[in-house]
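Could you put the whole structure together from the sequences, leaning on the hints where they help?
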Amino acid sequence: MPIELGRSKLRRVASAACAALLVTCGTVGAAEEVPLVDGTHWTKSSPEIKKAYLVGLSNAIQVDVAYQADNPKASASDFSPKVVKGMKGHTLETALASIDNWYAAHPDQLQRPVVETIWFEMVVPGLNKNK
394 MPIELGRSKL RRVASAACAA LLVTCGTVGA AEEVPLVDGT HWTKSSPEIK
444 KAYLVGLSNA IQVDVAYQAD NPKASASDFS PKVVKGMKGH TLETALASID
494 NWYAAHPDQL QRPVVETIWF EMVVPGLNKN K
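The numbering of the sequence shown is my numbering, which starts it at 394 and goes up by one.
I should point out that these hints are in silico values taken from the structure, not numbers from a laboratory. Heads up, none of these hints are tricks.
Here are the computed lysine-lysine pairs in the BS3-like style, where the Cα-Cα straight-line distance is at most 27 Å:
hint : residue 1 : residue 2
1    : K444      : K481
2    : K475      : K443
3    : K522      : K444
4    : K522      : K478
5    : K443      : K478
6    : K522      : K475
7    : K475      : K444
8    : K481      : K522
The calculated label-pair distances, taken between Cβ atoms and stated as ranges, are:
hint : residue 1 : residue 2 : range
9    : E486      : K466      : 30 to 38 Å
10   : H434      : T487      : 19 to 27 Å
11   : L520      : A498      : 17 to 25 Å
12   : N523      : E425      : 37 to 45 Å
13   : P428      : S451      : 18 to 26 Å
14   : A498      : Y460      : 30 to 38 Å
15   : Q504      : A467      : 28 to 36 Å
16   : V427      : Y460      : 21 to 29 Å
17   : N521      : S468      : 12 to 20 Å
18   : S468      : P518      : 15 to 23 Å
19   : A467      : E426      : 25 to 33 Å
20   : L450      : Q502      : 16 to 24 Å
21   : N521      : K444      : 21 to 29 Å
22   : N464      : I442      : 32 to 40 Å
Quick caveat, the model's predicted, so the values are computed rather than measured. Don't be surprised by glycine CBs; every beta carbon is placed ideally from N, CA and C.
As structure tokens, then:
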């Protein structure tokens with residue numbers, strides 16, 4: 394087995410372990426449920442918090458894609474591979490700006506979850522463009 398393949402697999406396992414640890418530690422002793430981030434949260438957050446949200450979401454999707462890579466039943470039509478394909482060409486900055494712009498243009502829809510905004514305003518159009 395080439396060294397790079399070993400490092401890649403190790404990176405995937407470490408990422409999955411870290412994600413599991415964060416999810417577990419984040420809920421232990423929590424008095425209230427973690428809210429689904431919506432436009433109200435988004436528009437009140439600093440750029441650093443917004444970037445952290447997007448990086449966390451991206452990492453979760455990357456962990457899922459890595460997990461599915463070894464699953465023969467996984468396919469390109471599953472959620473995470475669709476997100477990766479639909480977001481092709483976006484950077485952290487362009488995604489952040491797109492979300493900011495959408496909520497600025499739709500102040501009456503601040504209750505809409507950010508992940509829904511990402512899906513319908515970036516992923517779906519990206520899937521149509523990147524066929």
